[in-house]
Structure formats: structure tokens, C-alpha cells
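K.L.:
Take a look at the letters that make up each chain.
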Amino acid sequence: MLRFIVVRLMWMIPSLIAVSFLAFVLIQLPPGDFVTTYIATLAASNELVDQNTAAELRARFGLDQPMMIQYLKWISGILLEGNFGLSFEWQQPVSELIWERMALTLVLTLSTLLATWGIALPIGVFSAVKKYSIGDYVATFFSFLGLAIPSFLLALVLMYVAAVKLGQDVGGLFSEKFVNSPWSFDKILDLVAHLWVPVIILAVSGTASLIRVMRANMLDELNKPYVTTARAKGLSEFALLIKYPVRVALNPFISTIAWLLPNLVSGSIIVAIVLSLPTAGPMLLQSLMSQDMYLAGAFVLLICALTLVGSLVSDVLLALVDPRIRLE
Amino acid sequence: MTDSEQPTHVHGEGVGRRAMLQGFVGAATLAAMPGSVLAQGAPKEAPELAKLVAEGKLPALAQRLPASPLVVKPIDSLGRYGGALRRGLRGSADHNGILRIVGNQGLVKWNLAFTQVEPCVAERWEVNSTATEFTFHLRAGMKWSDGKPFTADDVVFAIEDCAKNSELYKSVPSQLTIAGKPAVVTKVSDTAVKFTFPSSYAMFLENLATPLGQHPTLFAKHYCSQFHPKYNQNLAAAVKAANMSDWPTLFRAKCGDIEIPSRWGNVDKPTLDPWILVEPYTGGATRVVMTRNPYFWQVDTQGSQLPYINQLTMNISQDVESLMLDTISGRIDMQDRHIDALQNKPTLSQNMQKGGYRLVELVASSAQQCQIYLNMTHKDPKMREMFANKEFREALSLGIDRKEIIDIVYLGQSEAYQTGPRPGHPWYHEKLARQFTQHDPKKANEMLDKLGYSRRGSDGMRLRPDGQKVFFAVDVIPTLYPDAVDTLELVKRHWAAIGVDMKVNTIERALYYTRGDNNDHDAATWPGPGGLDPMLDPRDYFAQHPQGSRYAIPWTQWYVSNGKDGQEPPESQKKRMKLFADASATADIAKRGAIMKELFDLTADAFETIGVCLAVNTFGIAKNNLKNVPVKMPNAWSWPNPAPALPQQFYFSS
Chain A
13 MLRFIVVRLM WMIPSLIAVS FLAFVLIQLP PGDFVTTYIA TLAASNELVD QNTAAELRAR
73 FGLDQPMMIQ YLKWISGILL EGNFGLSFEW QQPVSELIWE RMALTLVLTL STLLATWGIA
133 LPIGVFSAVK KYSIGDYVAT FFSFLGLAIP SFLLALVLMY VAAVKLGQDV GGLFSEKFVN
193 SPWSFDKILD LVAHLWVPVI ILAVSGTASL IRVMRANMLD ELNKPYVTTA RAKGLSEFAL
253 LIKYPVRVAL NPFISTIAWL LPNLVSGSII VAIVLSLPTA GPMLLQSLMS QDMYLAGAFV
313 LLICALTLVG SLVSDVLLAL VDPRIRLE
Chain B
11 MTDSEQPTHV HGEGVGRRAM LQGFVGAATL AAMPGSVLAQ GAPKEAPELA KLVAEGKLPA
71 LAQRLPASPL VVKPIDSLGR YGGALRRGLR GSADHNGILR IVGNQGLVKW NLAFTQVEPC
131 VAERWEVNST ATEFTFHLRA GMKWSDGKPF TADDVVFAIE DCAKNSELYK SVPSQLTIAG
191 KPAVVTKVSD TAVKFTFPSS YAMFLENLAT PLGQHPTLFA KHYCSQFHPK YNQNLAAAVK
251 AANMSDWPTL FRAKCGDIEI PSRWGNVDKP TLDPWILVEP YTGGATRVVM TRNPYFWQVD
311 TQGSQLPYIN QLTMNISQDV ESLMLDTISG RIDMQDRHID ALQNKPTLSQ NMQKGGYRLV
371 ELVASSAQQC QIYLNMTHKD PKMREMFANK EFREALSLGI DRKEIIDIVY LGQSEAYQTG
431 PRPGHPWYHE KLARQFTQHD PKKANEMLDK LGYSRRGSDG MRLRPDGQKV FFAVDVIPTL
491 YPDAVDTLEL VKRHWAAIGV DMKVNTIERA LYYTRGDNND HDAATWPGPG GLDPMLDPRD
551 YFAQHPQGSR YAIPWTQWYV SNGKDGQEPP ESQKKRMKLF ADASATADIA KRGAIMKELF
611 DLTADAFETI GVCLAVNTFG IAKNNLKNVP VKMPNAWSWP NPAPALPQQF YFSS
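Sequences listed follow chains A and B, in order.
Reminder that position 125 of the first sequence reads as 137 in the working numbering, one-by-one numbering, no gaps.
Reminder that position 115 of the second sequence reads as 125 in the working numbering, one-by-one numbering, no gaps.
Quick caveat, the hints were computed from the structure, so don't treat them as lab data.
C-beta: ideal position from N, C-alpha, C; glycine also.
A few of these clues could be false.
Unchecked claim - From the structure, some residues in chain B lie toward chain A, with a derived Cβ separation under 10 angstroms:
(1) Gly101
(2) Asn325
(3) Pro488
(4) Leu490
Isolated chain A (complex conformation) (with noise of 0.2 angstroms):
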């Protein structure tokens, strides 16, 4: 077991230097750099960038070197001193933009993985236990629906009718006087006042295709033998589901923490962005709309450093619960 994880973290370091290469040629490719597009957005508002003040931002930032160079300097930046640059567009450090925001998006996205399981589990079991029953149907049917919504429509309809209709402040994470105001039980309170709605859009998308997920493995478990041998043996209903064909159709949803990581960063990126959440995913979008390259370089190289960590930890936790599992 720990060879196979030193191993592993060993190949991560090829896999991170091929990503962060391609990561930064792909964030390049589309035309133009960080100074047309920042002329363009300008010129959206009428509003004009002085000729010489181009040129000159654009050797400032060194955009009229060869790609190659440009790598170099960013990548030597980082291994040699750790330090991810600086922002075109803010001029602050990319790390602390990057963490700033990361402690938010923790709480919301665990937040709502805890509201997603916390509905599929149960639903998945009953509705495969009680195949075919009305039950079934009714969550067969809402779940179908979770599906079909997309999240960010959801939002706005959601957005819409408490705006209008209810007058509620929906957007954001806080109301007005908690924003910038220090932690206190008062704040906490309020984040958790204004959490419910972005969880719940979250949520119900996730929330169906784990119910789908959970009832086709329990169907592929209840008719196994072993059940039907631990019901002979007189086991309660409850203490069989739970101890042997929940715990088995469980291995879908420990390797879904694979992408759980990079979610953390990337995910909901529409639905951040419609409901106005201070959290990552909307810094992200913006970085690279606005090409701002050191950003997004650094939140796409983060996203991978965690896709390899979330698969890592995953494939441990699979052999830890199931026995079956082989590392080796």
C-alpha cells in the first residue's frame, strides 16, 4: 500500500510539468492576448485605451516575447520560488486571489456533496427496494426532473420569483451588512440563511443521477445470493440492507471523490456566476475570458494538482472498504 502510493505521487510530478505545458498553450491559443481582449471590454463601455499605453502594457507584461519564453519564466517562477505571479488585471499575487476565495467555495461545495448524499442515499435505497411501488415512481419521476433542469435555470427562476415576487435579497452569500464585517456567530448565522439556496440548485441535479445511480446498484445487489441467504439466517431487513448491499453499491459514490476535488474549483461555475458567489469557479471563467494568463494558469494547474490527489485518495479509500479491491 505505500509503495503504490509513492509511486504514484512519483508520476504525478511528470504528469503536472505535461499538464501545466499544455494548460499554458491552451490558455494562449484562442487569438489575441490579455490586451486585446482588455481594449475590447473597454471599447464595449465606448471607452478608449490610449495607443501608446497598449504597446506598452503589453511589453510590460511581457506578451511580446515567444510563447516559450513566456513559459519559462512563469514555470521557473513557480518551482524556484513559488510564487505564481502576478494578476494582469488586479496586479495582486495569484496565490492570494486563488486562497482568498477557496474557504468559501470549501464550505459550499461540502455543503451541498453532504445535501446530495444525504437526499440520494435513502431515496436510491427505498426506491430500489420498493421497486415499481408508487414511491418509486414519485422519486423515479422527481429525480428525472432534477435531471433535466439545468442548474443555472433554476437559478434565475428561483432568483426571479424571490426578487419580485417575495422581495428577498437572493444573490451573494451575505447580506449587505455581513459582507465585509468580521466572523462572528451573527455572520455565520447569516451564511448559513443565505447557503440554502445555492445548495439546493446544486444539489438537485446531483442529487437525481446519484438517486439513479444508488437504485440500479442495489437492484444489481438485492437479488444476489448473499442477501437471500443473510434473510434465511433471520437478519432484520434494515441491519441486511444496510450491512452488506448498501455498503457494496456504495463503490460508485467513494470513486465519484475523484472529481469531488476539482470541483472545488471548477464546479458550478454557471450557477456561481447567475447567483453572484463569492467562490472560485467565477474568478476562474473570468481569467480566462479575460486571458488574464498567470490566473488562469494557476487555477488550471490547481485543478489537475487535485484531480491526481482526488483519484489517488479515492482509489485508497475503494481498497480500505472494499476487500475485493486489489491495489497491486
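Starting from the known structure of chain A, arrange chain B on it as the hints suggest.
P.N.:
Then chain B, alone, in the frame of chain A:
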């Protein structure tokens, strides 16, 4: 610049208006004395500040105001103190949204009508007869927002040490140069500063009144000099401590520049603005909050210190739709940016009652809503030959059914138009504006036949003499100008009727710019500017703007590089370049108008751009209880609305 309305010198006008204002103050005070106790007892400063003064935490008002503060005549009525103005910003590249509400404190400013330059930071000025020397008189006792005095030294520092520093600005900002040479700024006294130019620069005051002309009042010497190597020997250590690569980066991060986000990212930087930063505009910010500047140097006609409104709260929305939602649900007090798209108007009108707001008309400063630039310097010689032929362009223009476009796309809110200063502007040019705007497909067909495009292909489209189809693509950015896409779709149909095949090439904006910069486009479209400010944005009148005059980018490169790069333009263009230089050097407005008329004559004869209709007015919203907002105002970058309408005199009636 409709400054030719009164054929007098701009500075003369400015002083005249000021004298009138002062007269008004006197009258108002006199009238108030016996009558209204209320007006007499009106507080001279905000209660919050009065409290601080009483507690001894702030100097008394008289010490905070200059000896002669700028007197602002409220648009409708005197206001009352208090309230917070809520606006919306976008999460990226929206720093100018802040500039447009607070950052308009240059040496001079535009008047409300966008016709002449008025005193602002400078209380008056003198210009010599050749327009090479400008002496500005500052206000004695004026203070930065941290209470430190603002003097001529600050202006000299901002220009001589900062704007002219080649490490900070590779080339001196163009507003401060004439014919490639920068101004020399000298201190005359503590309250007088002189700008000397090597040659005549009659447009200097107008340029100073635009946002890009704000350098003289941008950098507080006592604060910003600590980030300047000339004044701080230990700067290298500070640069290192801040983890920056060099001192200009640190300087920019701390002191900003006119239009970069970091101008609004440092709460410690002293400014001359009516409101100062509390919560800055940084990468992770979800809102920007500004509070009143206790040292703001403007008063209303009763002598009460401005601004009336305590605080600005600008929430950052990532998405324009959620900004719209905030607007119609009444959580925005004033907004035009981002929501002023034509397709939003029905929604905004419908929800006026519910949201408790009214619409504010924004007069378009552009001339043309959808200018079509055929690339007359196309890389393909055959295409170039076709586009460069004036009769070909005439035929295309006659082939457009403008009435149909105006009725369908612009809901009847416009009129057929080519280009040139807008109707009502003193420089309005009938021929330039209206030639070839009638719909005459028969004549267009005849002209195209005569030009050698009479053969038709199997699909009924015309063929060029070399057998290729008469076909070109028009670049347009759908995310920026959805209406232009609709317009072009109709134009495509009209042109198909005269046998010309066109493709509406909807592309992403960075690609649009890259294609333009590389001269790779067949044709492109953009709103044609210069309707209210022909002197400040003449890109459609001759090949002036390397990213804007899209009918001949290489000519513009020739122009801006003084003949070193690009391609040599034809004679008519060269004459216009010369005429524009003459006009810019002419202080006398009537004479300048005469020169510009000559220029417009040449533009009309050359007929380089094909226009569709007059730029359509847009609108913003203001909450019903927000007073002193003009019913209509220009919508321009040179007049960075709403700042010249003076938000410091807006107030909440309840």
C-alpha cells in the same frame, strides 16, 4: 465638442460662467436671509462630519475647504445630506464604472451640455495667443482626502516625475503631448502652474476635460513619492518586500493610473474625489464601498459642502442578468452601464412602478449605429480593387433598405444616416450625413453592371471579371452588439437582391481585434463615433485610429507613425490629416469649424464608410427618490457619464 456654438474662447466662457455662479450664490444668500429660516439654518456639512468635528477628530469645515471652493449649482434643487447610492459593477474590467461616478476631478471639466470646458480643480486659467502656454490657477487651501494640502507641487510631480518618467510610462500619455513632444510643467507659485508646449495645442483644455486627461491631478506627491526612486532611496527594499518585480509595478499597485483596476484598489491613496474608498475593487471583491471625502472642495450654492450622499455601494455581479434583476426589483439607485441594451428597454419600462425608478435618456454620442467598413486596403488585390472603388460602395449603400432596418431592428427610433456630427450639432454636414441613403436597387444594379460585375453565377449572384463570386464577410461581435447582427442579416438580404453575396461573420471580440490588427478582415462593423465629439474621435472622418478606422488600418499606421509604418494613403487622406492637425492647433472656434468643414467635404467626397442609421439613444434608470439627476445626458467616454452631471449634487428626497 460642440464648443463652436459660441464663437468665443473656451477659457473666456469658463470664467464667465463661474462669475455668473458666484453672482448666483450672492443672490441666493440674500434671498434666504429674511425669508426661509429653513434655508438659513441648513447645515453646512454632513451631520456625521459635524459630529467628528465636535469630538475634535476632524478640523472645522472652514479649515477643510479651500478659500474659494468650487460652487456647484444643483440641477433642480438644493439637497439634503444622507443616504447610500447603490450601483452595480461587473466582476472584471469594470474599473471605469467607478471612474464614471467619482473620478472626474481633473483640472477642468465639461459642462452638462458637453459644449464647453469649465473650471474644476483649477479655478481659472490663462492661455497665450498661440495656445502654447497654459497657466492654471489652483484653489488656495485645497486639501487631498487625507487633509494634506494640494498645491502646484503635486501637479508638477504628477507630470514631470510620473507621466514623463520613461520607466513608468514608456511614452508620455498622448493627451500631454503635441506633435510627439510633451508639455513642460513649471510651478509659478503654490497655487499656479504653467504647461508649456513646443507648438500650438488648442485642444489641450478639451483633452484635459476627458478622463484620459486626468494625469495632472492623479498623484499626491506626499504619498506617491514614497514609491518613486527619485524621492525614496530605499525603494528597492520596499519593492522586494512587496514581492513585486520592479518599482513601476509597485507604483501602479499603490497609486494606480487613470484606467486600471488598481486605481481603485488602495484605500490609503489620497484623492480629490467626492467619495473615497472603504472597500476596494480587488480581484476577490464582491462589492466596492466608498464614503464621503471630508475634505471635498466643492459646495452647493448655499455653501454647504458636497457630496450630499454619504456613501456609494457598488455590488459586483458576475452576470448582467442578475444586475438586471437587481435593477427591476429596485435594489439599484442609478445605473446605465451594462443594462442599456436596446432589448432590455421593454423589461425596464414594464417594471418601472415595481422597482420605483424612472428612465433617464442617454443621448448617443456616436454618429452611426452600425458603420460598415469595407477594407479598402485588403491584402487580396482583387478585393482591394473592388472595395476601393467608390462607385461600388455607392451602389451597396443605395442597395440598403434603411427604413425596413429602422422599423424592425430599432423600433422606428432612428433615421437613415451615413456619418458626421449629429443633426443639431453646429458642424452638422448634410452631404456627409445623408448622401446615398435612399433605397434605389434599380440604380444600384445599373451601377454594378457598369462596373464590370454584370455576369451572374448559377445562384444569381454577381461574378467579378476574374470569375470569382462577388462575396465578402462582415465581422461583427454578437456579444457586444446584438443589434448589429440583426441589422447585418437584413443588409445581407438587401444586398442579395442586387446580386452581392455577404456573410455575417459573427466572431469573438479578441478575434475581431486580431483580424483587424493584422488587416485580415474583408469588412467589419462597429458603431461610428464622433457624433458629439468629432474633434476627440474623428476615426470615421479620416484614417486616424489604428484599431478603429477599419476601412484602412495600414493608412492609420502610416498616420500614427508619421509615415514610418503602414501604407501611404491617397492624397485626400493626407490632406485631411493635415487639416485635422491644423484644426487641433486652432484656438478660434469659428476658424476651427471652417477647417473641419473642409475636412468633412473631403470625407463626403471620398465616401469610405457605409452607414445605416443615426446612433440610437439609450437609457439608464434612477430611483424616484434620487433627485438632481438630469432627464437626459450625453453617453460618451469623453464625457464619462454620469460624472459630468456631478453625482456629488445628487440627493435622496426620502
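K.L.:
If a hint holds in the structure, say so; if it does not, say that too.
P.N.:
Verification of the hints:
The criterion of a C-beta within 10 angstroms of any C-beta in chain A is met by Gly101 (chain B), whose closest approach is roughly 6 angstroms, and the hint holds. Hint on Asn325 (chain B) holds. Least Cβ distance to chain A is approximately 7 angstroms, under the 10 angstroms limit. For Pro488 (chain B), the suggested interface contact is broken, since its CB lies about 12 angstroms from the closest CB of chain A, more than 10 angstroms. Checking Leu490 (chain B) against chain A: minimum C-beta separation of about 5 angstroms stays under 10 angstroms; hint holds.
Hint compliance for this structure: hint 3 is the single one not met.
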